[in-house]
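Peer 1: Chains as they are written, first to last, in this note's numbering: chain A, 1 to 473; chain B, 1 to 196.
Think of the hints as simulated: they come from the structure by calculation, not from any bench.
Be aware that a few hints might be false.
[Stated by the list, open to error] With a straight-line cut-off of 30 Å between C-alpha atoms, the simulated DSS-like cross-links for lysine-lysine are: (1) B:K190 / A:K363; (2) A:K188 / B:K155; (3) B:K172 / A:K363.
Fair warning: this is a prediction, and the values are worked out from it, not measured in the lab.
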Amino acid sequence: MRGIVGSTYLTSITPLPPFTPDLYQRAWCSVPHPTLPLLATAHAKSVTVFSLATLAKHSALTGGHARSVRAVAWQPPRGGGSGGGGWAGQDGGRRKRRRRRLGLVTGSFDATAGMWSFVEGGGGGEDEEEEGGLEREVRFGDDGGLGDGEGEDKEWEFDLVLEGHENEVKGLAFSPGGQYLATCSRDKSVWIWEDVSGGEDVVDGGDDEGEWETVAVLSEHDGDVKAVAWCPSHLPNARARRHHYSADVLASASYDNTVRIWREDADGEWVCVAVLEGHDGTVWGLQWEGRARPDGRFPRLMTFSADGTVKVWTLREEEEEEDNDADGSGRGANPFQSGFGGIPNTMRRSLREEWDCTAVLPKVHSRDVYSVSWSAETGLVASTGGDGVIALYAEDESAPSRGAEAGDAENGTPGPKGNWRVLATVPNAHGPYEINHITWCKRFDPGAEQRGKEEMLVTTGDDGVVRPWQVRI
Amino acid sequence: MERDLDNANPTILSVSQLPRRSRKGAAPRQGPDSKCDSIVYPKHAWPYGSGLSSDEEDDYREEPMDEQDIYDLISTISDPEHPHTLGQLSVVNLPDIHLSPSPVELPGSDSLVTVLVELTPTINHCSLATVIGLAVRCRLEQTLPPNYRVDVRMKVGSHAQDDQVNKQLGDKERVAAALENDTLRRMVDKMLETCV
Chain A
1 MRGIVGSTYL TSITPLPPFT PDLYQRAWCS VPHPTLPLLA TAHAKSVTVF
51 SLATLAKHSA LTGGHARSVR AVAWQPPRGG GSGGGGWAGQ DGGRRKRRRR
101 RLGLVTGSFD ATAGMWSFVE GGGGGEDEEE EGGLEREVRF GDDGGLGDGE
151 GEDKEWEFDL VLEGHENEVK GLAFSPGGQY LATCSRDKSV WIWEDVSGGE
201 DVVDGGDDEG EWETVAVLSE HDGDVKAVAW CPSHLPNARA RRHHYSADVL
251 ASASYDNTVR IWREDADGEW VCVAVLEGHD GTVWGLQWEG RARPDGRFPR
301 LMTFSADGTV KVWTLREEEE EEDNDADGSG RGANPFQSGF GGIPNTMRRS
351 LREEWDCTAV LPKVHSRDVY SVSWSAETGL VASTGGDGVI ALYAEDESAP
401 SRGAEAGDAE NGTPGPKGNW RVLATVPNAH GPYEINHITW CKRFDPGAEQ
451 RGKEEMLVTT GDDGVVRPWQ VRI
Chain B
1 MERDLDNANP TILSVSQLPR RSRKGAAPRQ GPDSKCDSIV YPKHAWPYGS
51 GLSSDEEDDY REEPMDEQDI YDLISTISDP EHPHTLGQLS VVNLPDIHLS
101 PSPVELPGSD SLVTVLVELT PTINHCSLAT VIGLAVRCRL EQTLPPNYRV
151 DVRMKVGSHA QDDQVNKQLG DKERVAAALE NDTLRRMVDK MLETCV
């Protein structure tokens, strides 16, 4: 083997052979399916789906968009399943035989989002009339993904287009239960769409295209919204404050250098409950903490920016808020807060959340940080960006972060803190090219020691290479 | 056909006044044609590699670039509203081009070089500053090897909305999307027609 490319403290990140074929053009991101061994890579006007079992092309989505596809998300399985925080689960009545249906959504510079489905067993067969200008081209490199090998027709179908944004769609994400889809755009807005099709994850012989309705248009950002991310709902602690809001929590990152947190209130209105300010450049994206925290607190949020930094934000939870109130900061001064005449205190507090920057990761990158991935398995964080460097970080959980006691630190300005350290870096991970995306991803290839459990990193670059990396700690 | 120009009477330098490489001392350089050849057809693989297998990479081994080379690449871009080049209009100026580190000092072909180009639009409210910046960035990204990182900015005090324009020009995603916009693409292509 070629040996260790990037190493410090015995940690190593070594390149595995890239996915085949090379795409030979800028690729923006590669998103692993939550359970199946599939990886979807957005490049030019299409998406190439790779098999994680063979590390080769599985299928492709082409012909749906007039301009580049910038973002991709896998649709969570509908109608029940794991998501503890999902919405009213329609678990009843498991039907006879369900064909497995894969759903994918694409966000494009052509201002639309496209819903695609991949159906095993080649749908109804008849009416092959292509919809206006929709030319489909589906190829299969192998059978690695869906595994049955029955040789039936399999193809991606462009089901429907979500129109509404004025210009480029830059990011999108499904809520954990699959009920909502959030899209964001250069038009400075975030749209929330709701699945109103009944949530059956079945294909009843004919087309089940789903139906999506716009439930909110959030236009509080002052610049392009670059990315959106839903807080994972399977963690017990992620459901805090449910008495004021529904379980779903959305965060958005923007060209206006801020991050905003959104929740749905009791009246079904989506409202901005916090603005996270602190980055000194476009916030390229965000990642929620995917592991339950030992102290049972609400998941933290990690943000990364054109300013070259990666920051961690923590929700100030209720006890502390009450303490602060009890401290009487301005209680007498604000006539609306005193006595029974004003708005009830609980309701007032529910309008805002306080988020503190509780850590800044050690600075590695010399240019924009375009992507960060926070492993839900191990808690390790990997980052990459315009400097072509991959960095791997770990948090020391033994020593409590000083920033965690936000109440005590109230006097000082929130400076760099936290207990993160760099485990390893790999320079020039895609040669001289910029790297647009990094993600943790389960390994299913024959070289894995524990298929389906062991994690690797996958980077996606301007060179059109999608490269897996083995990580040894 | 005549429309109101943002700047009807710009100062124009003649071609003989533009900065060029002095011939004394240094070996004469090849012209831009052959420079592009060396980018399009890479000659030798860089022998020291980057840790990845070298046949998977594009290696660009060539003479180190200097500021004059960068100037030569972009000074011939046409202004979008005047029949002159950015060099003639002093939108692009040699002292406002900065390379760091100097490519001579690079340890390997994958090491990054930052090219900073500060533009001086012809007047303060030049609405076309963004388009000019886009053309400069586009020209450099098309012709320079992939280890060059291009930063295009408006020179301090030269343009009313420096920060906004600079931020847009520094945003890779916006630049990519702008070049997929037919109108902008046509403008940029037209401006680059005069580049050799």
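Peer 1: Compare the structure with each hint and give your call.
Peer 2: Going through the hints against the structure:
1. B:K190 / A:K363: 41 Å, violated
2. A:K188 / B:K155: 28 Å, holds
3. B:K172 / A:K363: 21 Å, holds
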